[in-house]
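> Going line by line, the protein sequences match chains A and B. The first sequence runs 1 to 113 under my numbering. The second sequence runs 1 to 113 under my numbering.
A couple of the hints might just be wrong.
[Claimed, not checked] Sample of chain B residues facing chain A (criterion: CB under 7 Å; computed from the structure):
no.: 1; residue: Ser51
no.: 2; residue: Arg55
no.: 3; residue: Phe69
no.: 4; residue: Leu90
no.: 5; residue: Phe104
no.: 6; residue: Leu113
[Unchecked claim] Simulated DEER-style distance windows between Cβ atoms:
no.: 7; chain 1: A; residue 1: Pro79; chain 2: B; residue 2: Asn71; range: 41 to 51 Å
no.: 8; chain 1: A; residue 1: Thr110; chain 2: B; residue 2: Thr38; range: 19 to 29 Å
no.: 9; chain 1: A; residue 1: Ser60; chain 2: B; residue 2: Tyr10; range: 20 to 30 Å
no.: 10; chain 1: B; residue 1: Asn71; chain 2: A; residue 2: Arg96; range: 39 to 49 Å
no.: 11; chain 1: A; residue 1: Asn55; chain 2: B; residue 2: Gly28; range: 44 to 54 Å
no.: 12; chain 1: B; residue 1: Gln17; chain 2: A; residue 2: Gly16; range: 48 to 58 Å
no.: 13; chain 1: A; residue 1: Ala14; chain 2: B; residue 2: Asn71; range: 40 to 50 Å
no.: 14; chain 1: B; residue 1: Thr53; chain 2: A; residue 2: Ile51; range: 39 to 49 Å
no.: 15; chain 1: A; residue 1: Lys58; chain 2: B; residue 2: Arg15; range: 26 to 36 Å
no.: 16; chain 1: B; residue 1: Gln17; chain 2: A; residue 2: Ser60; range: 36 to 46 Å
FYI, nobody ran anything at the bench for these hints, they're computed from the structure. Where a beta carbon is used, it is the ideal one built from N, C-alpha and C, also for glycine.
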Amino acid sequence: AQSVAQPEDQVNVAEGNPLTVKCTYSVSGNPYLFWYVQYPNRGLQFLLKYITGDNLVKGSYGFEAEFNKSQTSFHLKKPSALVSDSALYFCAVRERGTRQLTFGSGTQLTVLP
Amino acid sequence: KAGVTQTPRYLIKTRGQQVTLSCSPISGHRSVSWYQQTPGQGLQFLFEYFSETQRNKGNFPGRFSGRQFSNSRSEMNVSTLELGDSALYLCASSLMSGSETQYFGPGTRLLVL
Numbered sequence: 001a002q003s004v005a006q007p008e009d010q011v012n013v014a015e016g017n018p019l020t021v022k023c024t025y026s027v028s029g030n031p032y033l034f035w036y037v038q039y040p041n042r043g044l045q046f047l048l049k050y051i052t053g054d055n056l057v058k059g060s061y062g063f064e065a066e067f068n069k070s071q072t073s074f075h076l077k078k079p080s081a082l083v084s085d086s087a088l089y090f091c092a093v094r095e096r097g098t099r100q101l102t103f104g105s106g107t108q109l110t111v112l113p
Numbered sequence: 001k002a003g004v005t006q007t008p009r010y011l012i013k014t015r016g017q018q019v020t021l022s023c024s025p026i027s028g029h030r031s032v033s034w035y036q037q038t039p040g041q042g043l044q045f046l047f048e049y050f051s052e053t054q055r056n057k058g059n060f061p062g063r064f065s066g067r068q069f070s071n072s073r074s075e076m077n078v079s080t081l082e083l084g085d086s087a088l089y090l091c092a093s094s095l096m097s098g099s100e101t102q103y104f105g106p107g108t109r110l111l112v113l
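Just chain A, same shape as in the assembly:
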């Protein structure tokens, strides 16, 4: 069965500093990997995905993520955090050949001014 772990419930970073939100996964075979962001009282917004190819994936709002097959990780990164990046971030995985998306527990990112 596929699973996702987000080891940090909360990440705090100062505005202008780089940020990292961690994600590790477990699937059989090669995965599809996703990051979504959720603002209060809103649905999930798609940020980026890894399907195949280059291990560094660039997405919306300056976010990027690095796929590391040996460490089964897909950490979300941004070089310079903004206060407006404060939100709940979800990592998700889908095993190829399946239709179900499995989400991590979420990481609350707070960017301090």
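Based on the hints, put chain B in the right spot on chain A.
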């Protein structure tokens, strides 16, 4: 293109009642998935519909059901509501069943009293 829309946005029901939630996917999208989001359990997959057929189902009791219409709009129904059914119900659409990216609606927040 308009995004995924869900109606109603908020609902208050009492135990034992039933409820129907509606989801209109992005134009041209034929797959609709439903998720339940709660503080304790996080995001959990309910089911997916494609071409009016349920293609995948999560681990929820039979009180949770859904359907999809020929225009790809979907409804989910919860019968005999329980307090634990209080949650944010999210609908996501994608082009095809098993397509890589799902796009989420704003959700319907259900409160069961």
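> Would you pick out the hints that fail for this structure and give their numbers low to high?
1, 3, 6, 10, 11, 14, 15
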